[in-house]
Amino acid sequence: MSTSDRRPFLPFAILGVVAVVAVIGVVVKLQQPSADVVTAPAVEPASSAKVATVTIQHAQGESVVPLNPRRVVVFDLAALDILQALGVDAVVGVAGDQFPLHLAPFADAKFARIGTLFEPNYEAINAARPDLIITGGRSSAKYANLSRIAPTVDVPMGGARYIDTVVANTEMLSRIFGKEEKARELVDGLRQSLAKLRETTASRGKGLVVLVTGGRISAYGPGSRFGVVHEDFGVPVAADGLKASLHGEAIGSEFIREKNPDWLFVIDRDASMGQQGGAKQVLDNELVRQTTAWTKGQVVYLDPLNAYLIGGGLQAVGLLRDQVAQAYATPAP
Amino acid sequence: MRLFVAGIVILFLALGSLLIGVGDVSWHALVTPSPDEQALQLLVISRIPRLLAVMLVGTSLGVAGLLLQMLVRNRFVEPSTAGSAESASMGLMVAAVLAPQLPVVGKMLVAAAFAMGGTALFLLILRRIPLRSVLIVPLVGLVLGSVFDSVTTFYAYRLDLLQSVNAWKTGDFSTILRGRYELLWLTLGLTCCAYVAADRFTVAGMGESFTTNLGMNYTRIMGLGLLIVSLVTAMVVVTVGMVPFLGLLVPNLVSMFTGDNARKAIPWVAVGGAGFVLLCDIIGRVVRFPYEIPGATIAGVLGSVLFLYVLLRRDARVG
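Quick mapping for you: the protein sequence lines, in order, are chains P and B. Residue numbers in the first sequence follow my numbering, run continuously in steps of one, and reach 333 at the last position. Residue numbers in the second sequence follow my numbering, run continuously in steps of one, and reach 1319 at the last position.
In short, the hints are calculated from the structure, not lab data. The C-beta atom is built at its ideal place from N, Cα and C for all residues, glycine as well. Take these hints with a grain of salt, some might be off.
With the C-beta cut set under 8 Å, the calculated list includes, among others, these residues of chain P facing chain B [unchecked claim]: (1) 140; (2) 161; (3) 185; (4) 234; (5) 270; (6) 282.
Derived CB-CB ranges, DEER-like [claimed, not checked]: (7) 1134/B with 104/P: 55 to 61 Å; (8) 1139/B with 18/P: 34 to 40 Å; (9) 89/P with 1097/B: 32 to 38 Å.
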């Protein structure tokens, strides 16, 4: 009974499928031009005003961007940090909602939220009508998609050559906004202050950089994302052979005790995420307490937002430098 | 007798593990008196606590796995495939967000409550499923666990807690020191509880009507088992993180020669579990010396290989 009932429906079923496919096809066709209409206004000001452009070499190739763009959206906190230092006020949208103290003004609602550090909100970006998008670090992977909306530059991450990257990024961004002179001034200042810091740190004992998260400890050496402490701040290395891997090397407290650093630089990752920092609780144990760093009170909790979240900002690196300089300035008790 | 031999083997492994670490601890250093007694200190502060934590986790998680398998009457279930570990981890996140200042015991209790809820939900769903084939049961557990996990991951992502959540999802003994593992002693009490009540669990493993026919309270036995499994899971997740495959592999290997008698199986599972985790922890410490690989990672690799062997061996008894 069921077969005889169903058979006449078969042609209808096929017809139905065809109809659905056809409707989808039409909708897609219709959407194509409408999408063009949406993007058109974003491009128009640049082309109609015949603004000057500048060709920028960046981490993912070369982009022709408008000189002195008026509407900039920024994914990378390091780039945001540099733009602020340069005195650029063209930023209209920022990613994420965690900002260190010096970037706190960007938490204001007048700046469009264009997604997270990792994941762009394409609709919000379109609505912000940017004439320049800046990616870097965590958002670098989205470069290809974003560069279809507006000219995009990808700011390289700091790492093995930390300060060199900061300087290069500052110079690159200064060219876009015609702030070369200001950039030169800032970079010279930074280099001089670092040279001065290195004079103090070189002779005051060895240091170890550790990151604490979720109760686990990992160590970082030169060339890692926190290598700036050794390479540019000039702190001698307490543990040789640490590879420059992104997440550091998992260690136990025994490792810290054995390497016995004179200075322990701690990045409390959970604190950078607005959590109650548990690093002190993790490190305050019978083994770490035996190290020179602990007994002399030479444990420096680096600002987690500046050290972890920004990584490569001109001001952030300056603030870290100040933190280290201050720690070395206080006489050991 | 065979159990005694196995115990001796584990003892040797344990003594060996005491000598592995970044600091200098050797028999020589221990025997010769040095002015600062550094080796002895390291032994007391770091090595012995770590060894004890490893043993306690191995023992209790193995027995928890065995109990769960009896309660569910399925050999392919363990705390981390029945929603227990995932819900405990969810509870830990809730505690971390809402009450970050809570002491460890408080966090553990929250996690245990969640673990109990999650495991109970698993048992409830199983009761409602008409078709209880061998594969459906663990599948239901995996699906349920993934649901819990996705909720945890979603909120962890929104609250930027992913790295912390990952930390308690992978068991790692590197942070164990004197004063930081003592909660695990409670698992020993629970393991003993399980041993005392072993015959009841054996009977419960035969099914509800069988148990009731013998004049026993099936629900109460189930409740006790649920309590033990949840508390053990929560304690392990809170102090070191989850160790995969342990609760699945060890009871299955043991049942290959002891059968389904819990009183016979529990001592073997306890010894086997301790040995398995100890082996994994030692490998994790040696492979990249002086850095570490979490014991749970090693357990995942080693466990999957061994479990495939259990599945593929000739006389596989499934179910």
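Results of checking the hints against the structure:
Look at residue 140/P: its Cβ only gets to about 19 Å from chain B, farther than 8 Å, so that hint breaks. Because the beta carbon of residue 161/P sits about 24 Å from the nearest beta carbon in chain B, more than 8 Å, this interface hint is broken. Annotation: residue 185/P was flagged as interfacial toward chain B, and the flag is violated, the nearest CB pair being 35 Å apart, outside 8 Å. A least Cβ separation of about 25 Å between residue 234/P and chain B goes past the 8 Å threshold, and the interface hint is therefore violated.
Interface hint status for residue 270/P: upheld, as the beta-carbon distance to the closest one in chain B is roughly 6 Å, under 8 Å. Taken as an interface hint, residue 282/P checks out: its beta carbon lies about 7 Å from the nearest beta carbon of chain B, inside 8 Å. In this structure the hint that residue 1134/B and residue 104/P lie 55 to 61 Å apart at CB holds, the actual value being about 58 Å. Against the hinted window of 34 to 40 Å, the Cβ-Cβ separation of residue 1139/B and residue 18/P comes to about 37 Å, which satisfies the hint.
Checked against the hint of 32 to 38 Å, the pair residue 89/P and residue 1097/B passes, with Cβ atoms roughly 36 Å apart.
The earlier numbered hints that this structure contradicts are 1, 2, 3 and 4.
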